[in-house]
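Novice: Numbering-wise, the sequence shown is residues 86 to 372 according to the working numbering.
Please note that the accuracy of each hint is not assured.
Said to hold, decoys possible - Simulated crosslink set (DSSO-like; lysine-lysine; CA at most 27 angstroms straight-line):
1) K223 with K345
2) K223 with K191
3) K120 with K243
Note that these hints are calculated values from the structure, not bench results.
Model, not experiment: these values are computed from the prediction.
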Amino acid sequence: MTLKQAFSHARDILIANNIEDACLEGELLLRHTLKISRVRLYLDLNYELSSKEEETFWHLIERRLSGEPTAYITGHREFYGSDFYVDPSVLIPRPESELLVEKALKLAQNGTIPTIAEVGTGCGAIAISLALNLSQAKIYATDISAPALKVALFNCQKHRVVNRICLLQGDMLEPLPEPIDLIVTNLPYVKESELPPTYSASFEPLLALNGGSDGLEKIRQLCCQVKNKLCPEGCLLLEIGQGQRRAVTNFLCSLFPSAKIEVTPDLSGVDRVVSLILPSDRLHQAG
Numbered sequence: 086m087t088l089k090q091a092f093s094h095a096r097d098i099l100i101a102n103n104i105e106d107a108c109l110e111g112e113l114l115l116r117h118t119l120k121i122s123r124v125r126l127y128l129d130l131n132y133e134l135s136s137k138e139e140e141t142f143w144h145l146i147e148r149r150l151s152g153e154p155t156a157y158i159t160g161h162r163e164f165y166g167s168d169f170y171v172d173p174s175v176l177i178p179r180p181e182s183e184l185l186v187e188k189a190l191k192l193a194q195n196g197t198i199p200t201i202a203e204v205g206t207g208c209g210a211i212a213i214s215l216a217l218n219l220s221q222a223k224i225y226a227t228d229i230s231a232p233a234l235k236v237a238l239f240n241c242q243k244h245r246v247v248n249r250i251c252l253l254q255g256d257m258l259e260p261l262p263e264p265i266d267l268i269v270t271n272l273p274y275v276k277e278s279e280l281p282p283t284y285s286a287s288f289e290p291l292l293a294l295n296g297g298s299d300g301l302e303k304i305r306q307l308c309c310q311v312k313n314k315l316c317p318e319g320c321l322l323l324e325i326g327q328g329q330r331r332a333v334t335n336f337l338c339s340l341f342p343s344a345k346i347e348v349t350p351d352l353s354g355v356d357r358v359v360s361l362i363l364p365s366d367r368l369h370q371a372g
């Protein structure tokens with residue numbers, strides 16, 4: 086079987102099983118099997134796969150059909166133009182979370198942001214993306230999960246920012262040793278009732294998805310910690326889920342009545358990032 090035949094057959098199987106982005110997923114699994122680049126794949130479409138290569142490839146396809154995400158099968162996920170190692174101890178970075186990075190970089194262009202904290206860093210994709218683009222920033226990355234921090238450390242080493250990101254284990258903002266100028270976070274915001282009935286079928290860590298009964302449990306917890314961890318004129322960038330805009334902005338307004346609050350939609354038009362900027366005197370804005 087040639088590369089072209091394997092690619093075409095895999096794509097058809099994935100489409101028949103309602104796998105989104107079937108063409109891309111088939112390509113990623115084929116490239117992973119052969120350990121080749123995208124360019125090499127399309128240059129060598131007439132390459133004949135060995136029996137061992139065929140066996141390995143179809144085994145990966147079977148794993149994908151069982152529901153296992155391609156990112157966990159290959160151990161890779163691209164985010165904001167960089168490649169990150171991922172495994173089942175961390176949530177797979179989503180394209181919509183790149184908006185957090187874009188908003189943070191825009192804020193940095195408009196003023197000095199010497200200290201940044203990413204809360205719930207997981208594989209470290211957001212913190213590392215910021216470190217790669219903000220060479221002068223001091224960056225903290227927190228996570229309650231020790232296995233997740235091991236993945237983040239691996240990615241920090243991979244991208245050579247291990248000396249620029251301080252990884253801290255603990256709950257939310259509690260591990261931070263000092264007030265921060267910018268807090269960036271993508272906390273769990275899925276309602277408990279919307280999680281799969283048999284959770285093991287989803288493969289991703291429950292800790293990184295479960296937002297409680299209304300999806301906002303972790304978000305409220307973090308917002309209540311902000312006033313003691315965010316500098317005057319500091320900014321919070323918070324990713325939210327569909328339909329959560331009003332509840333989150335109302336809660337933030339009750340805590341910080343003098344703060345500036347904005348909501349930015351993602352490319353699909355879904356309200357995705359809430360930004361809160363504190364006034365210069367924090368004592369006069371906390372509720």
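Novice: If you draw a straight line from the CA of K223 to the CA of K191, is it 27 angstroms or shorter?
Specialist: holds (17 angstroms)
Novice: Within a Cα-Cα threshold of 27 angstroms, do K223 and K345 meet the stated pairing?
Specialist: Holds. K223 to K345 sits at ~24 angstroms (cutoff 27 angstroms).
Novice: Holds or violated: K120 and K243, Cα atoms, limit 27 angstroms.
Specialist: holds (18 angstroms)
When held up to the earlier numbered hints, the structure conflicts with none and fits them all.
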